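With this note's numbering applied, the sequence shown corresponds to residues 1 to 368, in that order.
Hints in this document: simulated from the structure, not taken from any laboratory. The structure presented is a predicted model; accordingly, all values stated were derived computationally and were not measured. It cannot be assumed that every hint is accurate.
Below 27 Å or equal to it, Euclidean Cα-Cα: the simulated DSS-like pairs (lysine-lysine) are [said to hold, decoys possible]:
1. Lys114 to Lys204
2. Lys360 to Lys137
3. Lys137 to Lys114
4. Lys2 to Lys13
5. Lys129 to Lys113
6. Lys113 to Lys192
7. Lys2 to Lys60
8. Lys137 to Lys192
9. Lys314 to Lys7
10. Lys60 to Lys7
11. Lys137 to Lys113
12. Lys113 to Lys145
13. Lys145 to Lys129
14. Lys192 to Lys114
15. Lys204 to Lys314
16. Lys129 to Lys114
17. Lys359 to Lys113
18. Lys114 to Lys359
19. Lys360 to Lys113
20. Lys360 to Lys114
21. Lys13 to Lys60
22. Lys192 to Lys145
23. Lys137 to Lys359
24. Lys129 to Lys192
What follows is a set of in silico ranges between Cβ atoms, one per label pair, in the way DEER data are often shown [stated by the list, open to error]:
25. His71 to Ala268: 14 to 24 Å
26. Val31 to Asp70: 17 to 27 Å
27. Val31 to Gly296: 46 to 56 Å
28. Thr36 to Pro108: 52 to 62 Å
29. Ala80 to Thr355: 54 to 64 Å
30. Tyr180 to Ser238: 23 to 33 Å
31. Asp354 to Leu321: 44 to 54 Å
32. Gly313 to Glu48: 21 to 31 Å
C-beta atoms are modelled at their ideal positions from N, C-alpha and C, and glycine is treated no differently.
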Amino acid sequence: MKILADKNIPFVKEAFNVFGDVCTVQGEDIVPEALTGVDILLVRSVTEVTADLLAGSSVKFVGTATIGTDHVDVAHLQEAGIGFASAPGSNANSVAEYVISAITSLLPDYAEKKIGIVGVGNVGSAVYKKSAALGMKALLNDPPKARNLSSFSTLQETLSEADVVTVHVPLTYDGDTSTYGMVNDHFLSSLKPGALFINTSRGKTLCAEPLLAHAGRLGGYVLDVWPDEPEISNELLSVTRIATPHIAGYSYDGKCMGTAMISRAAAAFFFQETDWVYEPERASEATREIDYTPEGGVAAVVRAAYNIEEDSGKLHKMTSLTGQERVSYFRSLRRSYPQRYEFSHYRVRGISSDTHDAKKLRLLGFRL
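Work the whole structure out from these sequences, hints included.
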């Protein structure tokens, strides 16, 4: 079989060479002409998999190494009898560590804060566990899950009481739980003054004008996704404290896990066996070390593992660009994103194992 894959999917050749010949290209270069003779198509979120893309092709299986699927016309794949797999949960830990990095960077007194988590699936659950490690009290909101559970808060309670609100929802368009444009004027008006708002889910959950209107009343925005991505207005960028190019889930571990998940799904679809599995050692051959200081505390350790402000600084440079340069720059930041290792790859030195900070660091995933 012939496999066409986005070249930014890590270990894609190692994971899929059991199925046939693997050819890799940039995601933006996956066009109808490139699908001639292709049996397996492997993409990331930069590629829109539509009926037009697949028309006349021989593609039998599509895999996306992402948790989201709104870039794939899943209904068409089903109608055409084309196999499909995504990677739900593969980057949940990566996104959770991004959220923790943002909180510890912007809120020195994070342990005294309440966090409102909107959407408590794989990612939201991971955020809940890590925020609890910091000592934060959580308000959980997830209407589909809350129907039979009393431990969830209403959206209004979550927004009005939380000091930090972070959104982790899929993009849906229908029904009373539609998330398209959910972060609107009413949503933002419900946030308490000075609240920090974080969104790492999908850009189309956001409404740009209300974000601009409420920027002065709130404590700041942390945005990894954008309403018209990859085009971002300078106005919205200028009022966003931490701005990143849709890379919250881009830890190397998360990417490798996504590769493994779609590889297993392809093996099941074609009734083949694959012996390729993801092991953390593939991502990092050696544990990295961080020195702890009481003055820096947990926040300094997190920053040493992942300095989210550096990523934000790079995207903010977009304000000096114009036209197509802006889109190209945004895409280049994603395409050339450096390998970011999760907290479990780091050992913290110089801290007594029986301290409160040591407990927090262990719960966050660090080694001591």
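To see whether the hints hold, each was checked on the structure:
Proximity of Lys114 to Lys204 is assessed by CA-CA distance (about 26 Å); at most 27 Å being required, the pair is judged to hold. Taken as a hint, the Lys360 and Lys137 pair is honoured in the structure, with Cα atoms around 14 Å apart against an allowance of 27 Å. Taking the CA atoms of Lys137 and Lys114, the gap is about 5 Å. The hint holds against a cut of 27 Å. Between Lys2 and Lys13 the CA atoms are separated by roughly 12 Å; this keeps the pair inside 27 Å, and the hint holds.
In summary, the hint linking Lys129 to Lys113 is supported, as the alpha carbons are separated by about 15 Å, within the 27 Å threshold. A threshold of 27 Å between alpha carbons decides the hint, and for Lys113 with Lys192 the separation of about 13 Å falls inside it, so the pair holds. Between the alpha carbons of Lys2 and Lys60 the distance comes to roughly 10 Å, so the proposed pair stays at or under 27 Å and holds. Of the pairs offered as hints, the one joining Lys137 and Lys192 holds, with about 16 Å between alpha carbons and a cut-off of 27 Å not exceeded.
A hinted pair counts as satisfied when its Cα atoms are at most 27 Å apart, and Lys314 with Lys7 qualifies at roughly 23 Å. For the hint linking Lys60 to Lys7, the alpha-carbon distance of about 20 Å falls within 27 Å, and the restraint holds. Among the hinted pairs, Lys137 with Lys113 is consistent with the structure: their alpha-carbon atoms are about 7 Å apart, no more than 27 Å. At roughly 24 Å between alpha-carbon atoms, Lys113 and Lys145 fall within 27 Å of each other, so this suggested pair holds.
Restraint check for Lys145 and Lys129: the C-alpha separation of about 17 Å stays at or below 27 Å, so the hint holds. The straight-line distance between the Cα atoms of Lys192 and Lys114 is roughly 11 Å, inside the 27 Å bound, and the hint therefore holds. For the proposed pair Lys204 and Lys314, the alpha carbon gap of about 23 Å is at most 27 Å, so the pair holds. Pair hint Lys129 plus Lys114 holds up; C-alpha atoms about 13 Å apart against a cutoff of 27 Å.
For the proposed pair Lys359 and Lys113, the alpha carbon gap of about 19 Å is at most 27 Å, so the pair holds. Simply put, Lys114 and Lys359 have alpha-carbon atoms about 20 Å apart, close enough for the 27 Å limit, and the pair holds. Restraint check: the Cα-Cα separation between Lys360 and Lys113 comes to about 16 Å, which is no more than 27 Å; the hinted pair holds. Distance restraint check for Lys360 and Lys114: the Cα-Cα separation of roughly 17 Å lies within the 27 Å cut-off, and the hinted pair is therefore satisfied.
As the CA atoms of Lys13 and Lys60 are separated by approximately 18 Å, the hinted pair is consistent with the 27 Å bound. Taken as a hint, the Lys192 and Lys145 pair is honoured in the structure, with Cα atoms around 25 Å apart against an allowance of 27 Å. With a C-alpha separation of about 17 Å, the suggested pair Lys137 and Lys359 falls inside the 27 Å cut-off, and the hint holds. Among the hinted pairs, Lys129 with Lys192 is consistent with the structure: their alpha-carbon atoms are about 23 Å apart, no more than 27 Å.
Evaluation of the 14 to 24 Å hint for His71 and Ala268 yields a pass: the beta carbon distance comes to about 23 Å. A beta carbon spacing of about 20 Å between Val31 and Asp70 agrees with the range 17 to 27 Å that was offered as a hint. Judged by the Cβ atoms, the range 46 to 56 Å given for Val31 and Gly296 holds: they are separated by roughly 49 Å. A hinted range of 52 to 62 Å holds for the C-beta pair Thr36 and Pro108, which are about 57 Å apart.
For the hinted restraint 54 to 64 Å between Ala80 and Thr355, the CB-CB distance of approximately 58 Å keeps it satisfied. At roughly 25 Å, the beta-carbon separation of Tyr180 and Ser238 lies within the given 23 to 33 Å, and the hint holds. Between Asp354 and Leu321 the C-beta distance comes to about 51 Å, which sits within the given range of 44 to 54 Å. The given range of 21 to 31 Å is respected by Gly313 and Glu48, whose C-beta atoms sit roughly 30 Å from each other.
Hint violations for this structure: none, all hints satisfied.
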